[in-house]
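Asker: So the chains spell out like this:
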Amino acid sequence: DGGITQSPKYLFRKEGQNVTLSCEQNLNHDAMYWYRQDPGQGLRLIYYSQIVNDFQKGDIAEGYSVSREKKESFPLTVTSAQKNPTAFYLCASSIAGGSPKTQYFGPGTRLLVL
Amino acid sequence: AQSVTQPDIHITVSEGASLELRCNYSYGATPYLFWYVQSPGQGLQLLLKYFSGDTLVQGIKGFEAEFKRSQSSFNLRKPSVHWSDAAEYFCAVAAYGGSQGNLIFGKGTKLSVKP
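Order-wise, the sequence lines are chains A and E.
1 is the number of the first residue of the first sequence in our numbering; add one for each residue after it.
1 is the number of the first residue of the second sequence in our numbering; add one for each residue after it.
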């Protein structure tokens, strides 16, 4: 079955620690996205990538970093510079080029601070 | 700037009753509009989308939405709600310009269903 997988389901971060959230898709989509979700805030775009080896900052990129070395994978690193990392993180993918593009979402990773 | 407003943070309806969730958007041209649903602790599932053509769009799980340009609205409806419809619902519009294709989400409406 085609889809998007995110791991782990829950992740715990200690003070000063970087953590990496995994996102893998087998939908053959060129574009991938990372969102942060906080209660009552909807979804806010962190980073997106339209093609391998290229990515752009979204609305709230500070304290986060990404890489896009493979079409199937778009890992997100939450760095120690992100002072309030506790949130639900969602990865999505879509076809690239032109508009409109329907985004398909993974099951999410919940990040908690110890 | 583009924006999406979902005026109702939380709605409670009785099982079997009809449902309408409101969505208003701000956009200069013909918008591309989406409704997603999220069960607790899960990802988002696409319910339906409007790109062009018929302004009444049918989706999955018995949902429909109507695009009204004059009111800048894209309200989601269901004639008879089931307990399994309890979830959070998000309206989104596709951005234009430099971030063409990116989605702008509303803050969501949480639906509770009374037995």
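Hint data in this document are derived by calculation from the structure and do not stem from the laboratory.
Treat the hints loosely; a few may be bogus.
[What the hints assert, rightly or not] 30 angstroms max Cα-Cα, derived DSS-like pairs, lysine-lysine:
1) E:K68 - A:K101
2) A:K83 - A:K70
3) A:K14 - A:K101
4) A:K101 - E:K61
5) A:K101 - E:K114
6) A:K71 - E:K49
7) A:K14 - A:K57
8) A:K9 - E:K68
9) E:K61 - A:K57
10) E:K107 - A:K9
11) E:K49 - A:K9
12) E:K49 - E:K61
13) A:K71 - A:K101
14) E:K61 - A:K83
15) A:K71 - A:K9
16) E:K110 - A:K9
17) E:K49 - E:K68
Asker: All hints, please: hold or fail.
Answerer: The hints, checked one at a time:
1. E:K68 - A:K101: Holds, because 21 angstroms separates the two Cα atoms, which is no more than 30 angstroms.
2. A:K83 - A:K70: Distance ~29 angstroms between K83 of chain A and K70 of chain A Cα, so the pair holds.
3. A:K14 - A:K101: Outside the cut-off at roughly 37 angstroms; violated.
4. A:K101 - E:K61: holds, 22 angstroms
5. A:K101 - E:K114: Violated. K101 of chain A to K114 of chain E sits at ~36 angstroms, over the 30 angstroms cutoff.
6. A:K71 - E:K49: holds, 26 angstroms
7. A:K14 - A:K57: holds, 25 angstroms
8. A:K9 - E:K68: violated, 39 angstroms
9. E:K61 - A:K57: violated, 35 angstroms
10. E:K107 - A:K9: holds, 23 angstroms
11. E:K49 - A:K9: Satisfied, since the Cα-Cα distance of roughly 28 angstroms is no more than 30 angstroms.
12. E:K49 - E:K61: Judged against 30 angstroms, a Cα distance of about 14 angstroms means the pair holds.
13. A:K71 - A:K101: Given pair K71 of chain A, K101 of chain A holds - Cα atoms ~17 angstroms apart, limit 30 angstroms.
14. E:K61 - A:K83: With Cα atoms ~40 angstroms apart, K61 of chain E and K83 of chain A exceed 30 angstroms; violated.
15. A:K71 - A:K9: holds, 22 angstroms
16. E:K110 - A:K9: The given pair, whose Cα atoms are some 22 angstroms apart, holds under the 30 angstroms limit.
17. E:K49 - E:K68: holds, 14 angstroms
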